[in-house]
Structure formats: structure tokens, C-alpha cells
Amino acid sequence: MKTAFKLAFRNLIGAGLRTWLNVIVLSFSFVVIIWMKGIIEGWNQQAKNDMTDWEIGGGQYWHEKFDPFDPFTLSESHAPVPKEFIPEIERGDMEPYLIAQGTIYPRGRMQSIMIKGINPRQSIFLLPSHRLDTAVSDAIPALIGSIMSNNLKIGIGDRMMIQWRDAEGTFDASEILITEVFRANVPNIDQGQVYIPLEKLRSMMNLPGEATIFTYRDSESVRPSVPAGLVHKTKPELTASVDEVIKMKSVGTSILYLVLILLAMLGIFDTQVLSIFRRQKEIGTYIALGYTRRQVVGLFTLEGTMNAVLAALVGAAYGLPFLAWQAKTGWTMPVDTSDFGMSIAQTLYPAYSAGLIVMTVIIIMFITLIVSYWPSRRIARMNPTEALRGRIQ
Amino acid sequence: MENSPVIKIEKLVKRFPIGKGEFTALKGIELQFTRGEFAGLVGPSGSGKTTLLNIVGSLDTPTEGEAYVLDRAVSRLNAKEAARLRKQELGFIFQSYNLLAVHTVFENVEFPLLLLDYNGSERRRMVMDALEWVGITDKARSKPPQLSGGECQRVAIARAMVKKPSVVLADEPTANLDAANSHNILKTMEQLNSEFKTTFLFATHDEKVISYLHRKIYLIDGKVDSDELIKQ
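For the protein sequence lines, the chains are A and B, in the order given. According to the working numbering, the first sequence is numbered sequentially starting from 2. According to the working numbering, the second sequence is numbered sequentially starting from 246.
Since the hints were made in silico from the structure, they are not lab data.
Cut-off 16 Å, straight-line C-alpha distance, at most; resulting in silico cross-link-like pairs (EDC-like, lysine to aspartate or glutamate):
# : chain 1 : residue 1 : chain 2 : residue 2
1 : A       : K7        : B       : E352
2 : B       : K461      : B       : E417
3 : A       : K236      : A       : E221
4 : A       : K3        : B       : D362
5 : B       : K256      : B       : E311
6 : A       : K236      : A       : D54
7 : B       : K253      : B       : E334
8 : B       : K272      : B       : E311
9 : A       : K7        : B       : D362
The following label-pair restraints were derived from C-beta to C-beta distances:
#  : chain 1 : residue 1 : chain 2 : residue 2 : range
10 : A       : L263      : B       : E255      : 48 to 58 Å
11 : B       : E367      : A       : L257      : 51 to 61 Å
12 : B       : Q333      : A       : R19       : 32 to 42 Å
13 : B       : T382      : A       : I363      : 43 to 53 Å
C-beta: ideal position from N, C-alpha, C; glycine also.
Based on the sequences and whatever the hints tell you, model everything.
In C-alpha cells:
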């Protein structure tokens, strides 16, 4: 075996450019696959982090009638703050949200919205809610997201009429002033949503002390029993949609991995097939000098597989600095991601794990082994006397 | 013991299928070779020289009869046993040298020793000795494409002789060489034969080679036509 390794290595290095072309293509596959998987994993982590930071915190309690996909439930999905939540809210470790349906009229157009009442001094979300903590005498301070800002062509300082229906079913209207446009990577909190101070919304809705959603900070904390009329939504339940999107995205990128691996394997397969025809005399010579045909098959398979070993080394030489650089600077998407409709940052930071790198290397090595062995089996059927003369067609 | 046969061929027949028929390359060959012989199978193309050499070299098997090499019946050897016989006891020299092009001269000559599991220092010593026998120590780091035909054949001889085999089988070893190189190569082989008592068996129709042989076996149409012992 040691001899076979030595020989295979000499043959590979001796083959010069042919070997290095295969090695470079294969190493490229290694690096790109690890990078792409890293991007997907980084995106996964970023999406969950962004959701945590901007939308769900450590978990939520929803009013039992609240359905985010059915705006008609909003009129009924509110309840007074349960007394067991009050200490946590007072510590700033839980924030109540009140959600109501409404309409704004930017530049004379009509836009249905969800009005979200939020505590301007909250610290659970990254929302710049402090911009609501301002004294405006003739309008309600409001925050909107950049997607809505772009779509409706409205920005900071713009005023517009807002209309809502209070708890008794009475329509009312006022004016809002946009005090901030925030940019988040979570479209759920942006599109069609206007944030105003919680107490203001409560008074507008005539629902003092009530809320629709309660978000707590620490997902690890021991939660009290769920108060009546609320439903507990844990962080994994709330991020399940991200997992689904990532899973679907992974299928798409897997096709790209497959194409990359196939390209690299085609190079090795081609080299192996050519070798068996071009190196007939060499094969005959190995047999004449004391190799069995099976040993020659082993030698050729080993040579092919060593391409993957060399590729891993070459890939490590230029790939590790590249991957480290990417992890630091991230990959900025060439198009604006705000319209993608899913939680995705403009710049994605790949996240690599030892498992990802080891698995990628093992999979490519294994496939290379098979692709190397497949054409080499032909040697086992060669007549050595014909091979010695290079006569096999 | 000195004269016990190294190679013994008994009623050897070899047939090859050709289309729907058969071609008989060897027709009942009976021969014996003792240790240290410098013998040649001589004859025109198609007379069966190379076929006989291949069977003795355990690269091919007889259709009928038997070839014994160092008392081992070639037809009864399995692939591993045949490989072991070639690895330990036989050296090959080919018309087109059959050197490993991407390996250096040193590595080419080292190859049989690698298969025999010699350690690094032993290998180095043995390879340098072999290169010295054939006079190309200065080419140890060269690769075959950088050598002349004569130098390549010297490397092939060194590779065949480095493990000091019992038998060297040389198939048209001078066919690609000019007269001066041919004589040099043949003198070298003759010297090695007398020094190590290695049995050399040639397949040739080259007059230059024939003039060096101590025993000439003429083959015609797969049969031994004559067997002349020129010198003991």
C-alpha cells in the first residue's frame, strides 16, 4: 500500500499540467461548495437573529384569536395585560403590542395598514421606537419601514391622514407624522405597518391597558403558566417559517453543488479513461514487473483519488484565506434584497462549521474514489501482453 | 545443481482465436535452459518467439503442455503467484524500453525494489550499483524523454538486473538502436550474465544480437527448427 501511495504520488506529480488542471477544478468545487453552504448557514443564522432582534424576541404570547394572516381577527384579538406579566413588563423584559387595522392616505392614495402600538422606551427590539418619544402637538409620531417608504414614496417628515375604527366600531381619523424610516431585514415588520406609541393607540382604540401580543426578552427563562386567553409561541415555533425557506433554498443550491461536483468529476473521469488508453504500455510494464492487474486497478484508483487530496490541500491554501475574508466582510447581494419578501440581509456573512468542511471533503473524496475506480476496472480485463505493446483498442 | 533447468518447456502449444478459427503460434515446443545461459529464440516475425517469451514470463499461459520456471508450472499459477514469480525472479527488457516516462531514471530502476519492500538506503545503494553496471550514474535524475535510445535501454537493463533476478527475458532489445549502441548494450548484458550467472533469454531476429548468443534456438512456424550451443 505504501508503495502504491508513493507510485501514485509520483505519477500524479509527474503528469504535470494534466494533474494541476484537475486539482484546480476540484479545489474550486471544494471552496465554492463550502462557501455556498456557509452562505446558506449564515443566512439561516442571520434570518433568525434578525427575527429575534426585530420581531419575536425570546418568544411571544398571542391573544388566542389573533391570526396574522387574517386582519379581520384584529378587532377581537386584544385583552388586558395579565397581572402575572406586569413585573416582567416593568423590568423591561417584556413588551406588549397592540395591533389594530387602519388606513393611511399618503399623497391622496389609500393604503390599508396594520397599526402597531409599541412602547417608545422598549429595549427588546431594534426598532428605533425612541423616535416615537417626541412631543408633536398636531400629529401622531409614527415609524415606518424602508420597504413601505419606497413603495409609497413617503419619508421622514411626511404627514398623512390615518383612519381607524375603535373598539366600539366608531370610525375616527387623525394625522401622523413620519419621524423615522427604519431598515430591517425582516419584511414581516415592514410592509403595510405603521408604528405609533402604545398608549396613543390604546387611547385611539379605547382599549386602555390592553394588548394583542406580549414579547419577552429571554428565550431561556422559565415561563409562567400561560394566562387564560393567550397562546404561547416559542422561538422555534416562530422561526419555523425561516427554516422552511432555508430548506427550500438548500434544494436549489444543492443543484449547483451537483453541477460543480459533476464538472470536477468529469475532469477526473476523463483523465482516468484517457489514462487507461494512453498508458497501456505502462500498465503492461507494471504487470511485467510484478503487479497483479487488481493492484494496477488499485494504483489508478488511488491516483484519481489523490487528485481530491491534492485539491483539498490546494483548496485549503487559497480557500481558507478567502473563506475567512468572506466571513469577515460578507457577501453583498448585487440587487436590493428588500423586495425579496423574505428575511434576507443585503450583506450575508457565511458561517462555516467543522462539520460542514469535513463532510464536504469526505463527500467529494468518496465521489472521486468512485469516479476513479469506475473506468479503472477496465484494466482488470486487459491482456498484459497486448498492453505491453500498446495494442488494445 | 548448477545445471538443473531454470526453465523447462514441455510439449508447449499456444493457440490464439482469430475470427471464428484459431492460429497456432507454438506447436509442441520442448526446451530447457540452465542457470547462467545466454540464449536466444531466433526466427522471423510470427515464428512464436515473443509468445514463448511471454509464457516463460508468466504473462501468458499455454493452451497445452507446460512451462516450468524455477520449478513453478506457469499454467497452474494464479494471478498473485504469477505476479510474485515476475516480481522476485524475472527481469524484462522490451524493444521499446517501457520505462515510466514521468519517473526519473533512479525511480524507474528503483521500482522493482519498491515492490520487493527493500528499505530506502538499501534501495539507493542497489539502484546506484545497477546504474553503475550500465554506465549511466550521471543520468540518475533525468527522465526517460531526456535520454537517447541507447541510454533508455541501459536504464531498462538496470531495472531488469537491479534485483538480481534468476532470469532476464529480453524481447528484441536492440530493435530500436543503432549498431554502436546495440553492441554496447549486448556487451553490458553479456558482462552481467557472466558476473551474476543470470539466465538471459532473448527473442530476436537481429544479427547483431544473434552474434553474441551462446545458444541459438531457431523457431520456424512455432516449432524448434534447430538448437545450437555455440559456447558453454
